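Undergrad: Chains as they are written, first to last, in our numbering: chain A, 2 to 83; chain B, 6 to 495.
Don't read these hints as lab results, they were simulated from the structure. Since we're looking at a predicted model, the values are computed, not measured. Backbone N, C-alpha and C fix where the C-beta goes; we use that ideal spot for every residue, glycine too. Keep in mind that a hint or two might mislead.
[What the hints assert, rightly or not] Derived lysine to aspartate or glutamate pairs resembling EDC-like cross-links, with alpha carbons at most 16 angstroms apart:
id	chain 1	residue 1	chain 2	residue 2
1	B	Lys470	B	Asp400
2	A	Lys22	A	Glu45
3	B	Lys297	A	Glu3
4	A	Lys31	B	Asp34
5	B	Lys302	A	Glu35
6	B	Lys253	B	Asp124
7	B	Lys141	B	Asp34
8	B	Lys131	B	Glu255
9	B	Lys141	A	Glu32
10	B	Lys57	B	Glu32
11	B	Lys69	A	Asp60
12	B	Lys73	B	Asp124
13	B	Lys141	B	Asp124
14	B	Lys444	A	Glu3
15	B	Lys203	B	Asp149
16	B	Lys67	B	Asp296
17	A	Lys31	B	Asp149
18	B	Lys184	A	Glu32
19	B	Lys444	B	Glu206
20	B	Lys297	A	Asp60
21	B	Lys141	A	Glu35
22	B	Lys343	B	Glu272
23	B	Lys302	B	Asp136
24	A	Lys73	A	Glu9
25	B	Lys302	B	Asp138
26	B	Lys24	B	Glu56
27	B	Lys22	B	Glu48
28	B	Lys184	A	Glu45
29	B	Lys128	B	Asp311
[To be verified] To be clear about the criterion: a stretch of chain B counts as covered by chain A if any three or more of its residues have a C-beta under 8 angstroms from a C-beta of chain A, and this derived list gives those stretches:
id	segment
30	149–159
31	176–190
32	285–297
[As the list claims (entries may be wrong)] Negatives, chain B to chain A, calculated, CB over 10 angstroms:
id	residue
33	Ala41
34	Gly50
35	Ile117
36	Tyr140
37	His419
The residues making up each chain are set out below.
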Amino acid sequence: MEWEVSREILYGMEEDVASGKEIEVNLYNKETYEVVSVRAIMIESPDQSTEGDILWVRDFNGRVEEKPWKVKIIERLASPWE
Amino acid sequence: MAFPYEDIRTFLDDCEKNKEAVRVNKEVDWNLEAGAITRRQAEIGKGLTVEKGGQPALLFEKVKGFPKGFRLASNLSSNMYRMALMMGHPDPENARLDELQEIFMDGYKNPIKPMLVSDGACKENKLLGKDIDLYKLPAPMVHDGDGGRYIGTYHIVATKDPDTEWVNWGMYRVLIHNKNNMGVLIVPLQNIGLIARKYAEKNEPMPVSVVIGADPLSLFMAATPAAVGFSEADVVGGLRKAPLKMVKCETNDLLVPADSEIVIEGEILPNVTAFEGPFGEYTGYRASPRDKRPVIKVTAITYRNDPILTMSCMGLPVDDSHILASIGTSAIIKDALKKVGIPVTAVNYIPESGSQLLVVSTKTPFAHIATWIKDAVYALGGMCAYFRYIFVVNDDVDIFNVNEVFHAFFSRIHPDRSIHVSRNPSGPLVPAAPLEERKMGTAPVILYDGTWPTDWHPFIAVPPKSSFDNIFPKDMQEKVLKNWKEYGLK
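Based on the sequences and whatever the hints tell you, model everything.
TA: Right under this line is the structure:
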């Protein structure tokens, strides 16, 4: 499974991301583009871990960053609008 | 010709008969492929009729991953011929924008209220409650990098003013967040923004119906800025010379065209937002940054058997969005300017500019008439305030001839006297604006005053045009025209 996240969603969580803490975030399922809320650990350098799914990061203009991250999904959460 | 078209299917059939539509039987992927085909087609078609080298409208009969019959249609109005068919012009091959403006204005000034019917083709299938699933519809991923799958790109978003009977239609982009939630771009200065503010002030949900694949005139009116308080459905009746059949939604009181392909009903909850965008837009760029925007919670989906999801892959001009928006916008502005006494002769919201440029030709009985025109246009609000550039010229320029507009710009604009920058409300789509201006809706407007100064002597200071019909005596023009074939010329 591959996912996408938009960079600005991670604003304010940079330290947690860098330190490997679990964060609550909305990801896009790369197959269906459905927005899925998850509790997850983001891994900025995929070489650091064999676990997790590929995570593509896009900026607010829609451009995808060259090197994907990885994401380890701990738990799926209820939709933010339910 | 089957005008007025009861639905999008009869329009597509008529286009096909006139070689202006093709059915694509090869399976296409909703994920970028349908968008890529549509975009390339618009760019090589250049807004021309098929006979003159343009490209036809498309009906994708097979969409990957969807049952037989679930279809996509695009480029419906990406040339003048199809636009003219939509509006019932008697000679679509030779239709001009100003002629379509006249047809539009006749309908606008003679609205006919819609007719309520008890049932319609849009009710053939219903998804309610737990059955609601937007992924049952072939919503495309239009461009790579869009904020999601945009289900609403050539459609109607209907909302009702809570204090009056006014129902506003607009073509505000809509994307899918998940199976029962969508996102929508609402710009404060648009009519939907005005209505949404009223609900927000009352802290009440705003009922919304998204109609996809309505009849062509309804889709056209969704892209046209009717005045505040003026319901687009009434104008559709005026254009058709007969009431539009409409049916009540399942879960709200809005009425929708009865033979539409797909209707998605919902409500915008107060204070609920989610990231929406970006999206490749009619400006020719993907300029509106992703931002938190309203969410539509879906309460029902109804659709026809074998539904057609109409879509637009907006981008570099000229495509369907540019032609669709030009006609009504120009006509409404011209009418409004005349109503306040401005001696305007023509208005053209130029498709080739990516819907960024409004050109107005006018007589100039006194100084600073261009400033008056700019102020009067922006007082109209809504979509009339969406373009960033207004170019005002004397009425000797044919503003429907882009070459003449181009020449007038580079020959009549003086850096000191002609360029006026002002701050008017805007939206997030302005490519030339820095990010902060796009986010805050503060991109400035430029008025280019291309009128000859009124204190210039008309025969001494105003330079004569070096054109066949101006710089040669009348008897010489007549002699040349009379002998044209004898010179061996066509």
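Undergrad: Could you run down the list of hints and mark each one as holding or not?
TA: How the hints compare with the structure:
1. B:Lys470 with B:Asp400: holds, 13 angstroms
2. A:Lys22 with A:Glu45: holds, 12 angstroms
3. B:Lys297 with A:Glu3: Since the Cα atoms of B:Lys297 and A:Glu3 sit roughly 24 angstroms apart, the hinted pair is violated (cutoff 16 angstroms).
4. A:Lys31 with B:Asp34: Status holds; Cα separation ~14 angstroms.
5. B:Lys302 with A:Glu35: holds, 15 angstroms
6. B:Lys253 with B:Asp124: It holds: about 8 angstroms lies between the C-alpha atoms, which stays within 16 angstroms.
7. B:Lys141 with B:Asp34: Status holds; Cα separation ~15 angstroms.
8. B:Lys131 with B:Glu255: It holds: about 9 angstroms lies between the C-alpha atoms, which stays within 16 angstroms.
9. B:Lys141 with A:Glu32: holds, 14 angstroms
10. B:Lys57 with B:Glu32: Violated, at roughly 28 angstroms.
11. B:Lys69 with A:Asp60: violated, 28 angstroms
12. B:Lys73 with B:Asp124: Violated, at roughly 25 angstroms.
13. B:Lys141 with B:Asp124: Violated - the C-alpha atoms of B:Asp124 and B:Lys141 are around 23 angstroms apart, more than 16 angstroms.
14. B:Lys444 with A:Glu3: Violated, at about 30 angstroms.
15. B:Lys203 with B:Asp149: Judged against 16 angstroms, a Cα distance of about 35 angstroms means the pair is violated.
16. B:Lys67 with B:Asp296: violated, 34 angstroms
17. A:Lys31 with B:Asp149: Holds, because 12 angstroms separates the two Cα atoms, which is no more than 16 angstroms.
18. B:Lys184 with A:Glu32: The given pair, whose Cα atoms are some 14 angstroms apart, holds under the 16 angstroms limit.
19. B:Lys444 with B:Glu206: violated, 22 angstroms
20. B:Lys297 with A:Asp60: holds, 14 angstroms
21. B:Lys141 with A:Glu35: holds, 13 angstroms
22. B:Lys343 with B:Glu272: violated, 39 angstroms
23. B:Lys302 with B:Asp136: holds, 14 angstroms
24. A:Lys73 with A:Glu9: Not satisfied, since the Cα-Cα distance of roughly 19 angstroms exceeds 16 angstroms.
25. B:Lys302 with B:Asp138: Between B:Lys302 and B:Asp138 the Cα gap is close to 12 angstroms, so the pair holds against 16 angstroms.
26. B:Lys24 with B:Glu56: At roughly 8 angstroms apart (the allowed maximum being 16 angstroms), B:Glu56 and B:Lys24 satisfy the hint.
27. B:Lys22 with B:Glu48: At roughly 23 angstroms apart (the allowed maximum being 16 angstroms), B:Glu48 and B:Lys22 break the hint.
28. B:Lys184 with A:Glu45: The hint is violated at about 29 angstroms.
29. B:Lys128 with B:Asp311: holds, 12 angstroms
30. 149–159: Check passed, 6 qualifying residues.
31. 176–190: Three-residue rule met by the segment 176–190 of chain B, so holds; n is 5.
32. 285–297: This one holds; 4 residues, not fewer than the three required, reach chain A with a Cβ under 8 angstroms.
33. Ala41: holds, 15 angstroms
34. Gly50: holds, 25 angstroms
35. Ile117: holds, 39 angstroms
36. Tyr140: About 6 angstroms separates B:Tyr140 from the closest Cβ of chain A, which leaves it inside 10 angstroms; violated.
37. His419: holds, 36 angstroms
Consistency note: the structure conflicts with the earlier hints numbered 3, 10, 11, 12, 13, 14, 15, 16, 19, 22, 24, 27, 28, 36.
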